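Participant: The hints should help you fit chain B onto chain A, whose structure is shown.
There are 2 protein chains.
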Amino acid sequence: MGASLLALDWGTTNLRAVLLDQRGRPLAERHQAAGILQVPDRNFEQVLLSLCGDWLQDRSIAIIASGMIGSRQGWVEAPYLTAPITPTAAAQALTRIPLQDDRTVYLVPGVSRAVLDSVDHIDDVMRGEETQVWGADLEPGSIVVLPGTHSKWIQCGAAGSIDHFRTWMTGELFAVLSQHSILGRLMEPGDPSEEAFTLGVQRTLAAPEALSTLLFSVRTAGLMSRIAPSALSDYLSGLLIGAEVASALPRFSAQPEAGQLQLIGEPSLCNRYARALALAGVKAESLAPGLAARGAWRLACAAGLISEISI
Amino acid sequence: MGASLLALDWGTTNLRAVLLDQRGRPLAERHQAAGILQVPDRNFEQVLLSLCGDWLQDRSIAIIASGMIGSRQGWVEAPYLTAPITPTAAAQALTRIPLQDDRTVYLVPGVSRAVLDSVDHIDDVMRGEETQVWGADLEPGSIVVLPGTHSKWIQCGAAGSIDHFRTWMTGELFAVLSQHSILGRLMEPGDPSEEAFTLGVQRTLAAPEALSTLLFSVRTAGLMSRIAPSALSDYLSGLLIGAEVASALPRFSAQPEAGQLQLIGEPSLCNRYARALALAGVKAESLAPGLAARGAWRLACAAGLISEISI
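Going line by line, the protein sequences match chains A and B. If you use the numbering used here, the first sequence corresponds to residues 1 to 311, in order. If you use the numbering used here, the second sequence corresponds to residues 1 to 311, in order.
The shape of chain A in the complex, shown without the other chains (with noise of 0.2 Å):
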């Protein structure tokens, strides 16, 4: 069977190619560290024709395309859907670009929320997670989690809708501060030290609201050598991913049941994850990778770019 659909999932740092058959199954991959910040002139077309020149020599083949590349930043703004929005719907709003062999480019829609409640009055927004969430073809009432550099916690309804979203910086955060503060200083490489991650998802799950103040105890932790300086970076990211479960569990619906918290993303960060939300009462499970070029495809398939073949 024949490839029909090119799926790029397009971030910041990374831009990862699928190749997918008509029933949606992948036949190829391929990864480039060509995220939108490091394409010369932003001329993508460019970076897409050379990683993937030779898969489109077939001019059947559908191109679809989530994530960062539809931001202000990349090839061209795709406009935000406010949330709830079906897949459905978003389908209906690809945004085309023309490419110079006439063929077209169809870009996912970020979706943006405003939220007006009584504690937080802040808008949300996401390029990329909504694709995968799609892929995933969950459950109404589903939660789902997607740590990484902008933590997403996602509230799924009817109709694979995206009711309820929002966003911690727990990634950026762990960067930033290993790599520019003090915190830093006194860390050194080794195995990780599930025991110092521990200690701290304990000490901000019992403490969110003193996040600023702990964050300071990874410096006089291994000033006074209660913790090894191979095990800091650990305790680091066991404070912040505390922090986050501790303050987006309430968000979410109180305590999903057992079993319907969902992970999408690198294994190992899951993992972590699941570890702190098992010291805070939870459940979850990690979902299985690919979830992007699926979500690419079922978007695909319900804007009539390509024909779904039932088997």
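By construction, these hints were calculated from the structure, which means they are not laboratory data. None of these values were measured; they are calculated from a predicted model. A portion of the hints provided could be inaccurate.
[Claimed, not checked] If we take Cβ atoms under 7 Å as the criterion, some of the chain B residues that face chain A in the derived model are: (1) I122; (2) D124; (3) R166; (4) V176; (5) H180; (6) E209; (7) L211.
[Unchecked claim] A few chain A residues that face chain B, going by a derived Cβ cut-off under 7 Å, partial list only: (8) D123; (9) W168; (10) M169; (11) E172; (12) P208; (13) A210; (14) L211; (15) T213; (16) L215; (17) S217; (18) T220; (19) M224; (20) A243; (21) E244; (22) S247.
[What the hints assert, rightly or not] From chain B, some residues computed to sit far from chain A (all C-beta separations above 10 Å): (23) L27; (24) Q32; (25) L81; (26) A158; (27) A159; (28) S161; (29) L279; (30) A280.
Using N, Cα and C, we set each Cβ at its ideal position, and we do this for glycine too.
Facilitator: Only chain B this time, still in chain A's reference frame:
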């Protein structure tokens, strides 16, 4: 009246030298961007002589130094004393550094504490702030806040004792997030925005446990044009200071009585803290500058390095 003491406030980024007479009044002051991390080959004696050599022609002048100069990365490590600690006790524990001309530099010890309470079980440390507090000569029960890179909250007891203290990473979080994270991308310089600062404070006062997700709203408030690019930095500052105030107040003797909370530090930063504290219903007053030299003079008197002349 001649000079009797050279007081050095020697931190990570700056060296401030104050010459005092026998009544502890400042005669002259010099600054240099010669923080301990900027001194080549850790040749601190050379930096001292180059900045103050002319003053030190008078061999009767004693020399005392406080701050990060007494840390492991400084001149010589001055051991921490454990809180509660009085200035009288600290004066008995100065660390001596012999200079090449047989003179001595006396280092003020740092202060540490280990807390094992129901919520947090962490160590904390300070170097330099203790000397400023001792310069302020505060009433027992006073609570002092020293905003900065590592903001300190200090509770005083009898005889100038530092009974209890705690550090918040507020200033360093502001710096690394502005300079190295996505939050700085949309920021532009401009006049201070009291409105954006207040909004940030209100949000974290209402939900301090949500700091890591509210931080992402600096990004989205810029993206969605809710806050002007020139005001985003004030909004971030408000979020961080509000989170500090919200988590510090319950840890420092419930709500201090009106007027009891004191601020020591750079005036515009103290002004921000006073505004954030006012939003939390707490009054604060800023103390006059020059406290590090005054505290060093008190310690030098208590240590018998100089004889105080009464007026």
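Participant: Any hints this thing doesn't respect? Which numbers, in order?
Facilitator: Hint check: nothing fails, all pass.
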